[in-house]
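Could you put together the complete structure from these sequences and hints?
Those sequence lines, one after another, are chains A and B.
Every position in the first sequence, counted from 1, becomes a number in my numbering once 154 is added.
Every position in the second sequence, counted from 1, becomes a number in my numbering once 2 is added.
Worth double-checking, as some hints may not be accurate.
Said to hold, decoys possible - Calculated pairs, DSSO-like style, for lysine-lysine (alpha carbon to alpha carbon, straight line, at most 27 Å):
1. A:K242 <-> B:K86
2. A:K196 <-> A:K242
3. A:K242 <-> B:K88
4. A:K196 <-> B:K82
5. B:K88 <-> B:K28
Stated by the list, open to error - Which residues of chain B face chain A? A partial, calculated answer using Cβ under 8 Å:
6. V41
7. G51
8. N58
Just so you know, these hints were derived from the structure itself, not from any lab.
Backbone N, C-alpha and C fix where the C-beta goes; we use that ideal spot for every residue, glycine too.
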Amino acid sequence: MDLITGIIVVLLTLGGAFFFLVGTLGLIRMPDVYCRMHTTTKCDTLGAGLALLALMVYRGFSIVSIKLLLVIIFIWLTNPTAAHIISKAEYNKDNKRDNDNNEVFL
Amino acid sequence: MSKIAFEAISVFLALLAFVSLYRAYKGPTPADRVVAINVISTKVTVLIGFLAILTNQDAFVDVALIYAMMGFVTTVCVSKYMEKGKLY
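Quick look at the structure:
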C-alpha cells in the first residue's frame, strides 16, 4: 500500500514537472504575446494542479490536504481570469492605434 | 522515494523561475512582462507548498494561499493600468 502511494506520488510529481517545463519552453520560444499566453496558461493549470495533487496524495486525508485543495481551486479560478484580462488589455491597446470603434468590453 | 522527488522538483522549479525571468527582462511589450511575472508567481506558490511538506511546517500552506491571491491582484492591477492608464 505504501509502495503504491509512493509510485502514484512520483508519477504525479513528474507530470507536474513536465508541464512546467513545457510552459517555460513555450514562454521562451513562442513568437507572439498571445502564443506565449496560450502555453503559460496550460503550464499554470496542469502543472500546478498535478504537483499540488501529489502533495495531497502524500499527506493523506487531513486539514493540510484540504488547504492544498483550496489552493488548487483558487489557482484554477484565477489563472484563466488573469490570462483573459492580460489578452484583453493587449488587444485594446493594439486596436486603439487604428481606430477607436472596435474595443472589447468583456 | 517521495522525498527525493519533492526535493528534485523544488530545485527544478527554482531553475525554471530563473529561466522565466529572462522573458520578464527581455520581453518586447509590457504584456510579455506581465505574463512572465504571472508564471513566476504560480511557480513560487507551488514551491512554497513543496517546502511546507518537506520541512513539516504546516503553516506554510497558508502562506502559499496568500501568495496566490497576491499574484492575482498584482496581475489584474498591472493589466488594468496597462490598458487604461489608470486603475479604475
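The hints, checked one at a time:
For a cut-off of 27 Å, the pair hint linking K242 (chain A) to K86 (chain B) stands: about 11 Å separates their Cα positions. Between K196 (chain A) and K242 (chain A) the CA atoms are separated by roughly 18 Å; this keeps the pair inside 27 Å, and the hint holds. Restraint check for K242 (chain A) and K88 (chain B): satisfied, since their Cα atoms lie roughly 15 Å apart, inside the 27 Å limit. About 23 Å separates the Cα atoms of K196 (chain A) and K82 (chain B), which keeps this hinted pair within 27 Å; it holds.
For the hint linking K88 (chain B) to K28 (chain B), the alpha-carbon distance of about 25 Å falls within 27 Å, and the restraint holds. Among the interface hints, the one on V41 (chain B) holds; its C-beta lies about 5 Å from the nearest C-beta in chain A, closer than the 8 Å criterion. A distance limit of 8 Å between C-beta atoms decides the matter here; for G51 (chain B) the minimum to chain A is near 6 Å, and the interface restraint holds. Among the interface hints, the one on N58 (chain B) is violated; its C-beta lies about 10 Å from the nearest C-beta in chain A, farther than the 8 Å criterion.
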